[in-house]
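Sequence order for the protein chains is E and S. Per the working numbering, the first sequence starts with residue 1, numbered consecutively. Per the working numbering, the second sequence starts with residue 1, numbered consecutively.
No lab work stands behind these hints: they were computed from the structure. Quick caveat: nothing in here was measured; it's all calculated off a predicted structure. Warning: the hint list may mix true and false statements.
Put simply, identical chains are the same to the list, so a pair is met inside one copy or across any two.
Said to hold, decoys possible - Distance condition first, Cα-Cα at most 30 Å in a straight line; then the derived DSS-like pairs of lysine-lysine:
(1) K339 / K16
(2) K193 / K116
(3) K200 / K286
(4) K196 / K339
(5) K159 / K353
(6) K118 / K159
(7) K339 / K17
(8) K116 / K339
(9) K286 / K118
(10) K353 / K200
(11) K17 / K353
(12) K353 / K131
(13) K339 / K131
(14) K353 / K193
(15) K131 / K116
(16) K159 / K123
(17) K196 / K159
(18) K159 / K17
One-letter residues, chain by chain:
Protein chains: 2
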Amino acid sequence: MIIPGFRFAATAAGLKKTGAPDLALMVADEPAAAAGVFTANLVKAAPVVLSQERLRGGHAQAILVNAGNANACTGPEGLADARESARGAAELLMIPERLVLPASTGVIGQPLPLAKIKQALPKLTARLNPKGFQEAAQAIMTTDTRPKTALLRETIGGKVVTLAGMAKGSGMIHPDLATLLVFIFTDAAATPKVLKTLLKRALPVSFNRITVDGDTSTNDTVLFLAGGRAGNPAITVDGPAMAALGEMLNQVMGDLASQVVADAEGARHQFRVEVRGAATAAEARKAAVTVALSPLVKTAMAGEDVNWGRIMAALGRSGARFDPEQVEIAYGDVLVAQKGRGLGPAAEARAQKVIQAGAFTLTIDLNNGEFSDYYETCDYTEDYIRINASYRS
Amino acid sequence: MIIPGFRFAATAAGLKKTGAPDLALMVADEPAAAAGVFTANLVKAAPVVLSQERLRGGHAQAILVNAGNANACTGPEGLADARESARGAAELLMIPERLVLPASTGVIGQPLPLAKIKQALPKLTARLNPKGFQEAAQAIMTTDTRPKTALLRETIGGKVVTLAGMAKGSGMIHPDLATLLVFIFTDAAATPKVLKTLLKRALPVSFNRITVDGDTSTNDTVLFLAGGRAGNPAITVDGPAMAALGEMLNQVMGDLASQVVADAEGARHQFRVEVRGAATAAEARKAAVTVALSPLVKTAMAGEDVNWGRIMAALGRSGARFDPEQVEIAYGDVLVAQKGRGLGPAAEARAQKVIQAGAFTLTIDLNNGEFSDYYETCDYTEDYIRINASYRS
């Protein structure tokens, strides 16, 4: 996975107890147009505060990411630590400090091990190379079981444009504006304002439509850097080129979002809750997210139990208006409830086979209007509990 | 547990696969003043619809409860079944049909086994006796591991008044207006309007302050019958007697609510989330319920991990306004975070001992105002998943 004009590296700084790589650096050859979206959580990690501030300039050249420590709830010292680690990278890269964006993920409320990071920086910088994308994606993982990456190439403005992204995230997943750590790179030329607009358009079809546990992280960060090496006429206004770049971004971010749900902590089944026939757009979303978050729906999926009654119960508390006796529910293509009532054991047996396949769409028709929306989610298994009961030990 | 003027009975009608008692009858010697509160879920079970309708008359003489089938999402047939089972009891009791209130709990979306219930009614009616309270409380259980009852005796208007209640509930617990199945009986004399007022006052200090999994049931029902056998001057208006009865009700309902949380599906730790220093009452409640519902907070408690960073993250997404650097968090008496930052491993080690005790208060001070509120909740364990993944199998 090569994105012309960008280099990547990873190393082990000793932040993960396992000794696995936990520090990643992503560098553009020249200052790149840049935009970002960040967690809506009132409690924001220090690197989130700093990166938000630095992005006001519209450009960035490097992203320094550590896994194993969130640098959140760490006060002014945490902010100083984030600044200091970024400064260390800037010095080695010989670029202005304000062009380095820090990002962190891991345990909340513990001081950032700054000394370990600073000690690892020379080795990290020396490893930078155009082929380092995959190893960087590996280093930013925490409870993830596999790296999440996506890459697209398309022709825009007569030039081949590459757009690639990486994401980490497996628990504390309920994005609101942004999510997790997501880094997107393109060699297309575009203004920071175009990048920001495209990011905002991509969220409602990607990270703002997934949930694992309803817990919004303090560190959610999506960064998008455009280096310009592709040589396309710089994208500055809405038009076919911006639409084409936006379509690439939607696809890469949607793909990464699905990968996050598929690798959710302990998950064995992945499903898309598709709500149709809602009276308003807001009600469609509320209905979808309430079903997607219901512990009873999610545990039924873990047990491969076609317990559609729990879906009705979740819909009923969602705030969406509907007539319970008009609701239709289908697992994949198998309708199990119509006019709010069950179609019987034979239908449920066929629907169970749909669940057993491991990934499917749950379609709910409220029959109360024209609006639809969706959320992607997963089941709740004993392993989710195990992973999160023992996370720090 | 004897409440003068009331008789109780239970029997096995064959609705529970285990063959355990699953049908209960609760009867007042004379028509009693009655009030109820019911689920706020838009999807309401048939017995909820019927009991709500019948309570408009302000009086009731019998409650017929089955466990094992919720009679929810069962359409007009479900309503007819609820009516028919109540009619069967009324005939045997030789009382007007409209004085019988049905209640159901169990699987949603399957037809009520009416024939089994009707067949069991004669035996059930024959068993009615003043000492049957405990066996009725046992029969209404589903995933509960133990019956939940409470009884108080106080002097009101110069007479000894008894007030007793029973509750069932272990999962699908996130009351909103009411919860689960709760039946309260008193031999005090009071008007239906007084009973309704007292119920509404008791909810914010009992069932509307507990949560297990955020899933509001379709069958939540709280019924309150006052027989009048105590001989006190009938309570008709607000005053010392009404306040005294209200205090008894608050205590019994608060006690039953705590018992529900203590017997929550798979729970090993029970805790009260107490939020102080919020800017508004609504924000105090939002902060408390968000922490109480956070899967990451609840799994950390299962692991006896003093992961207060997850509490900060939950507070930050709760919608409450505060300065993260002014927050204080204590487990029991042990302060672990001050000014939004951790007090270190020694404090956390002491706090872990508090969790290990099994029941404790988590106190959060937002330091942003004068309002406080609380929720009682429990941890999320592997057993919650196991119980709910296999509920119908």
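Each hint, compared with the structure:
no.	hint	in the structure
1	K339 / K16	between (53 Å within a copy, 27 Å between copies)
2	K193 / K116	neither (36 Å within a copy, 69 Å between copies)
3	K200 / K286	both (20 Å within a copy, 28 Å between copies)
4	K196 / K339	neither (44 Å within a copy, 34 Å between copies)
5	K159 / K353	neither (46 Å within a copy, 63 Å between copies)
6	K118 / K159	neither (39 Å within a copy, 78 Å between copies)
7	K339 / K17	between (54 Å within a copy, 28 Å between copies)
8	K116 / K339	between (61 Å within a copy, 26 Å between copies)
9	K286 / K118	neither (45 Å within a copy, 41 Å between copies)
10	K353 / K200	neither (37 Å within a copy, 46 Å between copies)
11	K17 / K353	between (40 Å within a copy, 25 Å between copies)
12	K353 / K131	neither (42 Å within a copy, 49 Å between copies)
13	K339 / K131	neither (55 Å within a copy, 44 Å between copies)
14	K353 / K193	neither (47 Å within a copy, 52 Å between copies)
15	K131 / K116	within (25 Å within a copy, 70 Å between copies)
16	K159 / K123	neither (35 Å within a copy, 84 Å between copies)
17	K196 / K159	within (22 Å within a copy, 73 Å between copies)
18	K159 / K17	neither (45 Å within a copy, 68 Å between copies)
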